[in-house]
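Chemist: The residues making up each chain are set out below.
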Amino acid sequence: MDFEPTIVSFLCNWCSYTGADLAGTSRMKYSPNIRIIRVMCSGRIDPTFVLEAFKNGADGVLLCGCHPGDCHYQSGNYKCLRRYNMLKKYFVQLGIRPERIRLDWISASEGKQFANLADSFTETIRHLGPCKIKNVIETYT
Amino acid sequence: MEEIKIGVYVCWCGTNIAKMVDVDQVVDQIKFLPDVAVARNYKYMCSDPGQDMIIRDIKQHHLNRVVVAACSPRIHELTFRKALAKAGLNPMMFQMANIREQVAWVHTDREKATKKAVSLVHAAINRVKWHESLDKRTIEVNPATLVIGGGVAGMSAALEIANAGKQVYLVEKSKKLGGYAAQLDLTFPHFYSARQLIKPMIRHVEDHKNIRIFKPMQINQIFGYMGNFQSTLQLANGDETKLKFGNIIVATGLQPFDPSEITSYNYGKLPDVVTSLEFEKMLAKGRIETCEGKEPKNVAIIHCVGSRNANYHEYCSRTCCMTALKFANQIRSALPESNIFDLYADMRSFGKGCEELYTQTSRKNVIFLRFDQQNGLPEIRSTNGEEAVSMLIEFTEQFSKEQVEVPADLVILMVAMESHADAKDISHIAGISMCGNSFFIEKHPKLDPVATTSDGVFIVGTCQAPKDIPDSISQAKAAAARVLATIHVGTIEVDVITATVNEDICCGCQTCVSVCPYKAISFNKEKGVSEVNEILCKGCGTCGSTCPTGAIRSRHFTDQQILSQIQGLLSPDNKFEKM
Amino acid sequence: MSQRINPELKKELLKFGAKDWNDCYHCGNCTATCQLTEREILFPRKAIRQAQMGLTESLASNADPWLCYYCGDCSDTCPRDANPGEIMMTLRRYLTSVYDWTGFSGMLYKSAKAHIVVMLVLFLSVVAAFLIFGGPMITELTSDGGVRLNTFAPAEIIAGIDHIVLLTLSFFLLTNMINMYYKVVLKDKTVHIPWYLYFTEIGEALLNFGTQLRFSKCNKSRMYWFGHWFLMIGYVTMFVLIIFFLSWFQTDNINVWYHPQRLIGYIITAGFLFGTIFFMIGRIRKKKQIFKHSHHSDWIFVVLLFLVAFSGILIHIFRINGLPFATYYTYVAHLAFEIPMVVTFVAFSKWSHLAYRPLAIYFSNMKKKTRELQLKSKLSVSY
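Residue numbers (UniProt numbering), protein chains in the order written: chain D, 1 to 141; chain L, 1 to 579; chain H, 1 to 383.
Simulated from the structure, these hints should not be mistaken for lab results.
For every residue, glycine included, the Cβ atom is placed at its ideal position computed from N, Cα and C.
Check each hint, because a few of them may be wrong.
Between beta-carbon pairs, the in silico distance windows are [unchecked claim]:
hint, chain 1, residue 1, chain 2, residue 2, range
1, L, Asn163, H, Arg4, 29 to 35 Å
2, H, Val191, L, Asp346, 42 to 48 Å
3, D, Pro98, L, Val496, 34 to 40 Å
4, L, Ser193, H, Asp20, 28 to 34 Å
5, H, Gln374, L, Glu394, 23 to 29 Å
6, L, Gly353, D, Asn116, 48 to 54 Å
7, L, Glu314, D, Asp2, 47 to 53 Å
8, D, Asp104, L, Leu197, 35 to 41 Å
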């Protein structure tokens, strides 16, 4: 059987979550591997949330915020971007492929883009295979 | 601590959800989860019987948490919170799982969709356990209103509110009121003079005792929240004036597309290629002429300049087709012997009196030619004085599929409507989101096209989307009605999802102070800890994810709530059992 | 190569009959409803578009208007009342003037006055010619009581004049037809017609010339088709008779009623009278689309044709009943009606469609076949 990855996605309330809703109201189809958690702003995405997701068995984490300059809270998405870059470096040290985390900008009107992103990220993760960090943690703790 | 009792309700949404998600299976999977007291599914949870079911269960089973798996929380979260309040529960003890927009409508595999729905509901159950009662805060609404932009939309809104006896502050960036509409000659479809329509309106606004005009004036910052905004304006004489207002109406308007980026039109290089706005000015002056001051024998009008083209703007600017027909009529009456060519992509003449204008114009010996933007735009080139006519426009005509050239002495480009360049700044100042095409996003595209996602901030006119004068005025007056309604009620209730600092853990590093976009966090030197000004805090949560010690709690989005949500989402118990 | 749009074309076309060129917005209902529309021939819409846009060259090379028999379905269906059928009719007039290199045709079509003046001059010339050159008007009758018409107007001389007129008109008509061939076939660079199609496609054109079979495809106009066909057959037969067999046709002796000479004469006259009366009533009542809009050339044409037929029958009646003067005067009138009609209509106006229509069918069939061949060869290459 094909590997079906589990992906946790954090979406900001104003742009990306609305964009994902738009994909729904427009009946665009995308892969069911993405599970969405809503936060008020991509700036709220604490790195520990991402780590928690991997710890609990996620194979990939997708972060989405408003486009640069469009943040509802002015600059939360820039902060998210910095944390993302930091996380990627950190992932290399942890032994997690940095491709397993992705940040992208989805505006409230970009339903199609969200659906495409969900599909392409799922394919990336499917290609990478299951993330074994959960087993590692369980083995050593 | 009291025992947690959760009621879980899975909605069919008619067949919308039930078709793709096995709702019985979802209920079966989650009803044995710890703390779940009641689990049901029902046809329409948002209907009165659905809400009554929740209220009854709360009372009967003493539920203290509720999860509804249905549509997007952006649609019905408020509905169910009200139901909870009705049953005597704090409305924040509620969580929604979005299994319609983000499951049923986007997936095609029923088994996978159901499994995903189970995990979303599980996540919501996990999260709601950590929810805490939050009180609403009642805020008095300041009866003054700030209107940004003195165009036809801004003035209409200002007049409506001022006529109801309420104070309006009207801020206009330029020296004159009237905006884009004041630069037009005649309006379509009835050829009323724009000046005659706008001038009395400007006089009314200027003379109104309830309207205070600031011009030329730019807004730099707005603090506060719905009901209690404030801003400081720098007056020309160097003074400052502090304004307090309860609502904001944004009417920043439009700017015309600059056609010089379309190389095939040679705008800026050929002096007789003019924009629609330049032509309006020519009409207002009362003489149609080429750059040499001669009457043009051949006039060409090109539609969709910058509109409906993926390279420029994908949207339709709505007014250009009708303006073009208006031009054709005006040219025909000024120059009865001229040849008029109308190069269009599609003729969009919807609305009252507009198709009639098209029919009427088509009988005035105007040659209508259709081009296709996908097959390349028309090319305007100069004849370099080798012919009697000064320019030729070359393109493939779509009905005849013939490669043709149109002689022209004057070419009018019907330029697209763009959101005003200042809109971006205003979006940050007033807290409005923008679409990809830089128009402001309304709260709901169908049900609430006037409000924005920021409470107390309304958008009217062409800053929201391209529209004509009557549509702008309608929207302006609708916004005025909304503002007057809140002023009339006098108070509003707001959720308190602000951040709070646990002073015992705070180490005083002040990282949160540096990340707060609203300057809502300040450092208390005496105590050595950060403090949150709950009036200024908008609840984005950035400070919460920055705090190294976990001293800051983002209310309703606490670390604990989100972490347990993640755990629920990824729980190995979420499975689909074939029956 | 781009074609320059000529805004003056519309104004020029207005002079050929149609009222307005602007109403059509190309919904395509006319093309959909037309019984004669084919894959390659999207008329009437295509020609209307060329006219609207002022594409002088494309229009001159477009033979489609000739394929239309004006059943009027398109005008009935048109949601904008743009009257496509009448526009096609106007285009046929315009194209006649385009093919005519003398410019005479355009003058006759554009001005009723000019047409009437030309006819009056010709009418008076014929009368004058009889006054000067006419034979003696003898009252002596033949042995069987008929008028000695051949003494007043000897058949050989009249036939000689007919031949001169025919040769002259044939020259003009033929050169116009060659002009049409040049404009429709040679100038169209998109098709290069292989030589053998010139032979294989001639049959259908001739068949249509004789039977107007395509016309019968146009529904609801059986009666019209018959009237049109009967008139055409009568006309062609009369033409052949007076040009080649006038001495057999115009005799002094009176044949028995079933003699072929008299029978053919009756049939021709019946065709003429039926056709012209049918058309005149139609044009007065304006019930059918085709009759709703009458150009001056239409009226002059049917009235003259009727007068020719009517005077012809009077000559016959007067002659066999031995009324010499009545016969002579009617004969003069007969020719004075006929000569202007033949001169103005055969090569320069309405009658020329007798030649252009079969030619258009011929050309368009050849083009169609050529395009099919081109398409086939393209397909085989891509395999």
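Chemist: Now, for every hint given, state plainly whether the structure supports it.
Modeler: Cross-check of the supplied hints:
1. Asn163/L <-> Arg4/H: 29 to 35 Å: With Cβ atoms ~58 Å apart, the hint is violated.
2. Val191/H <-> Asp346/L: 42 to 48 Å: violated (32 Å)
3. Pro98/D <-> Val496/L: 34 to 40 Å: The hinted range 34 to 40 Å holds for Pro98/D and Val496/L, with Cβ atoms some 38 Å apart.
4. Ser193/L <-> Asp20/H: 28 to 34 Å: holds (30 Å)
5. Gln374/H <-> Glu394/L: 23 to 29 Å: holds (27 Å)
6. Gly353/L <-> Asn116/D: 48 to 54 Å: Because 42 Å falls outside the window, the suggested range is violated.
7. Glu314/L <-> Asp2/D: 47 to 53 Å: Violated, at about 37 Å.
8. Asp104/D <-> Leu197/L: 35 to 41 Å: For Asp104/D and Leu197/L the Cβ distance comes to about 46 Å; the hint is violated.
Of the numbered hints given earlier, the model fails hints 1, 2, 6, 7 and 8; all others are met.
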